[in-house]
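Trainee: Okay, here's what each chain looks like letter by letter:
Number of protein chains: 2
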Amino acid sequence: MSEKRATVQIVSIGDELLIGQVVNTNASWMATLLTEKGFHVLKIITISDKSEEIFSILEEVSGRSDIVLITGGLGPTKDDTTKDVICRYFSSKLVFSEEVFSNIERLFYKRGISVSETNRKQAEFPDKATIIPNSIGTAPGLWLEQNNTLFVFMPGVPFEMKEMMGSKLIPLLSEKFHPDTFIFRTIHIQGIPESSLSDMLEKWERGLVSENLSLAYLPQPGILRLRISGTGSDKALLETKIQNKIEKLLKIIPDDIFGYDNDSLESVIGKLLMDRSATVSLAESCTGGYISHLMTSVPGSSKYFLGSLIAYSNEIKINELGIDKRIFRKEGAVSKEVVEQMATGILRKTGSDYSVATSGIAGPDGGSAEKPVGTIWIAVASHSGVFSQKYIFGKMRDVNIKRATATALNMLRKVILQVPGYNSGSEI
Amino acid sequence: MSEKRATVQIVSIGDELLIGQVVNTNASWMATLLTEKGFHVLKIITISDKSEEIFSILEEVSGRSDIVLITGGLGPTKDDTTKDVICRYFSSKLVFSEEVFSNIERLFYKRGISVSETNRKQAEFPDKATIIPNSIGTAPGLWLEQNNTLFVFMPGVPFEMKEMMGSKLIPLLSEKFHPDTFIFRTIHIQGIPESSLSDMLEKWERGLVSENLSLAYLPQPGILRLRISGTGSDKALLETKIQNKIEKLLKIIPDDIFGYDNDSLESVIGKLLMDRSATVSLAESCTGGYISHLMTSVPGSSKYFLGSLIAYSNEIKINELGIDKRIFRKEGAVSKEVVEQMATGILRKTGSDYSVATSGIAGPDGGSAEKPVGTIWIAVASHSGVFSQKYIFGKMRDVNIKRATATALNMLRKVILQVPGYNSGSEI
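Heads up: the protein sequence lines correspond to chains A and B, in order. Just so it is clear: in the first sequence, position 228 is 227 by numbering that gives the first Met the number 0, and no numbers are missing. Just so it is clear: in the second sequence, position 49 is 48 by numbering that gives the first Met the number 0, and no numbers are missing.
No wet-lab data here; the hints were simulated from the structure. It is possible that part of the hints are untrue.
Stated by the list, open to error - Pulled from the structure, derived: some chain A residues nowhere near chain B, Cβ distances all over 12 Å:
no.: 1; residue: Val-7
no.: 2; residue: Asp-14
no.: 3; residue: Ile-169
no.: 4; residue: Pro-192
no.: 5; residue: Asp-254
no.: 6; residue: Tyr-259
no.: 7; residue: Arg-396
no.: 8; residue: Gln-417
Stated by the list, open to error - Derived SDA-like pairs (lysine to any residue); straight-line CA-CA distance at most 25 Å:
no.: 9; chain 1: B; residue 1: Lys-389; chain 2: A; residue 2: Pro-363
no.: 10; chain 1: B; residue 1: Lys-270; chain 2: A; residue 2: Pro-363
no.: 11; chain 1: A; residue 1: Lys-394; chain 2: B; residue 2: Cys-86
no.: 12; chain 1: A; residue 1: Lys-348; chain 2: B; residue 2: Ser-301
no.: 13; chain 1: A; residue 1: Lys-120; chain 2: B; residue 2: Asp-262
no.: 14; chain 1: A; residue 1: Lys-42; chain 2: B; residue 2: Cys-86
no.: 15; chain 1: B; residue 1: Lys-49; chain 2: A; residue 2: Thr-148
no.: 16; chain 1: A; residue 1: Lys-161; chain 2: B; residue 2: Met-395
no.: 17; chain 1: A; residue 1: Lys-36; chain 2: B; residue 2: Cys-86
We treat Cβ as the ideally placed atom computed from N, Cα and C, and that holds for glycine.
So that you can see chain A by itself, here it is in the shape it has in the complex (with noise of 0.2 Å):
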């Protein structure tokens, strides 16, 4: 199968990244992004936001790849001087648009402020440029065409260029370009180490080449996602291959795997309390309200999300929480007992249809020789029981508050499903 997808350089324009101030994950992302959407980038280029260094790279990327994308020096400030360079280099020259100065005075209506000059001279544009919308920030992208190569400017805000370029970019390319079909699957998985499922795999890992199709192992804190993807012409046949893959790796971990592509624990908890018509609450010590950030992140969840009591300190579990004041002198804030006295205390006072606890040391000190940093207790309860696992993780906190979290989740994910071992808890 011969080479036929469209080229892309990508161009990041800012000092702080050649300081080594901000890391280009930028770049990373639109790569992932062009790559997945069946674009070959060619190359990576950061350079500094004078209009000679500008000015220059758009004379050396000229003609070398299908597209170029600029990211940076868009925004509303002094140090942005693109735009002058653009009109130079594309011999063009700056107009009034009155079409990006009501998105700005739209913006800043609705937030309260009063529109400046400054903002009159953000609303300038060069002539020859198509402009790209942006519809969460004042700054617009925009696009011109030299030398055979598709010369497109984003902002560098990374959440304005990551809407700009998901929802108007990557269609405009798809349509100018046609690129091969490029597909992949993501498979989340819970509580296997990178290396025990990687020998768990070997077999199937083996299969995946005979087929063409590529393996990457993704890690995160707690997290592991693996991506299948391949590359052809025939789409249908692409997927079916990719499913009859996904199908096998059930067989081998069928309890792990909570979800795929966008699925998050988060979002798949949601689904799943939703179709059950049931409700949650949350007892974080620990994991210090992280659990319960990323389960109010779903749009929608105050549907099943009833509330979290944050019990740092020691009064605040055994006053709000009822504890046990003798069993929590006895056993101490991290242990069974009083983690699964936790959550069978927030299902009482939130009357929710589940519960999760979390009590843990996250570190860096706290730890003791019988208690090392590292240990967390996770508790889950429910009307038929409450079920409670020991983990020892690592020394880095924050690293430890995103292990415990998605344990913690995909915990409460096994009892809402019942899988076997998670629902033989004891009585409350």
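We have chain A already, so just place chain B on it with the hints.
Mentor: Below, chain B without anything else, positioned relative to chain A:
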């Protein structure tokens, strides 16, 4: 003052970087260290590991900077390609290096592995290159000079590259180039939009230019960072110049700067509370636990953070925080009255010295004509009263949660510091 820093181009080799599977943290790490040591990074270029790409990038970067640092393509598997390219580009030939071979033998002996024929090939090096020993891996680095440019090749494995760069390469470069000092400071601001700040600082910014200092605006949801930087031979003078500009900035926006450099809102608030031996608790609705998560992500936060109630359902707001039911029905959950009662309710319940409450419509659904998506009330309570403000943000749930969180934390900071206008709350 003329620019006297030695210039550097960084070239990262690796297909995994171009498909977005790996974020180029190596380049950021190198850029940070080089900048701190007084070198000027002009460009970061990421290319594929195909040999023709490597050859053509050598032609492209040659003569355009004093130094070119190339990472990747020197491991035991890809070795031959890069070394062949080097031989071709620098008209050199491969010779066996006894020194490199004995290092490989030493490492293998320690790991209990025997040396193979492939390893002998690994010890062959271009005869015009000077070897940079690798004390923790088998692939050494090397450097060559051509066209007034010093070309340095290093392995791409992060810990090997870092060790080599810190202990061998930086001393070598410093001796060769006697670099000038580069200094930067970052100023963190909350609550002023980028364009408004740009208007307010117009005169102050002009002053920077005449002092040969540079400025960059670095926005994040709800937070704006300013970076002032400068280069010169006199480090103390530079530090004073930058400090003077910060003093002048403090006169223009005395209350909105919350920190510098590695500070975060949550770490700054942590210090303020520790200094006062004060405690805090939260009643979060629309922010769903994100404020709690940030506060508890600070090591040692259990000393001042007592806990939170994430009151998502109306029942929990009313039952657990003692909200007046009639007021709740009349004003709705997203109102001045309810958010203030939430703040005073959690203060009473936990006995903390300060409390913060949020209630709003994070979106994407749930808005009305009177209270559109993005409407958010924030209250801060203390023993001396309760203070609240209303904000109208945008339509994106995740951005709204982040902006509301940054705004709420900064409001708490201002109340703790008794900033004028933030201590005139109503009596509890």
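Trainee: Examine each Cβ of chain B, and state whether all of them lie more than 12 Å from the Cβ of A:Pro-192.
Mentor: holds (20 Å)
Trainee: Decide, holds or violated, for the assertion that all CB atoms of chain B are farther than 12 Å from the CB of A:Ile-169.
Mentor: holds (14 Å)
Trainee: For the pair supplied as a hint, B:Lys-49 and A:Thr-148, is the alpha-carbon distance within the 25 Å limit?
Mentor: Answer holds: B:Lys-49 to A:Thr-148 is near 23 Å, not above 25 Å.
Trainee: Checking one constraint from the list: CA of A:Lys-348 to CA of B:Ser-301, max 25 Å. Satisfied?
Mentor: Satisfied, since the Cα-Cα distance of roughly 24 Å is no more than 25 Å.
Trainee: Given the hinted pair A:Lys-120 and B:Asp-262, is their Cα-Cα distance within 25 Å?
Mentor: violated (33 Å)
Trainee: Does the claim that A:Tyr-259 lies outside the interface with chain B hold up, using a Cβ gap greater than 12 Å?
Mentor: holds (19 Å)
Trainee: Would the least Cβ to Cβ distance between A:Val-7 and chain B come out above 12 Å?
Mentor: violated (9 Å)
Trainee: Holds or violated: A:Lys-36 with B:Cys-86, Cα cutoff 25 Å?
Mentor: Judged against 25 Å, a Cα distance of about 37 Å means the pair is violated.
Trainee: Does A:Pro-363 sit within 25 Å of B:Lys-389, going by the straight-line distance between their CA atoms?
Mentor: violated (37 Å)
Trainee: Taking C-beta pairs only, is A:Asp-14 more than 12 Å away from all of chain B?
Mentor: With a cut-off of 12 Å, A:Asp-14 comes too close to chain B, as the shortest Cβ separation is near 6 Å.
Trainee: Quick one, are B:Lys-270 and A:Pro-363 close enough, alpha carbons at most 25 Å?
Mentor: holds (18 Å)
Trainee: Could you check that no beta carbon of chain B comes within 12 Å of the beta carbon of A:Gln-417?
Mentor: The claim stands: A:Gln-417 keeps its Cβ more than 12 Å from every Cβ of chain B (closest is about 26 Å).
When each numbered hint is compared with the structure, violations occur for hints 1, 2, 7, 9, 11, 13, 17.
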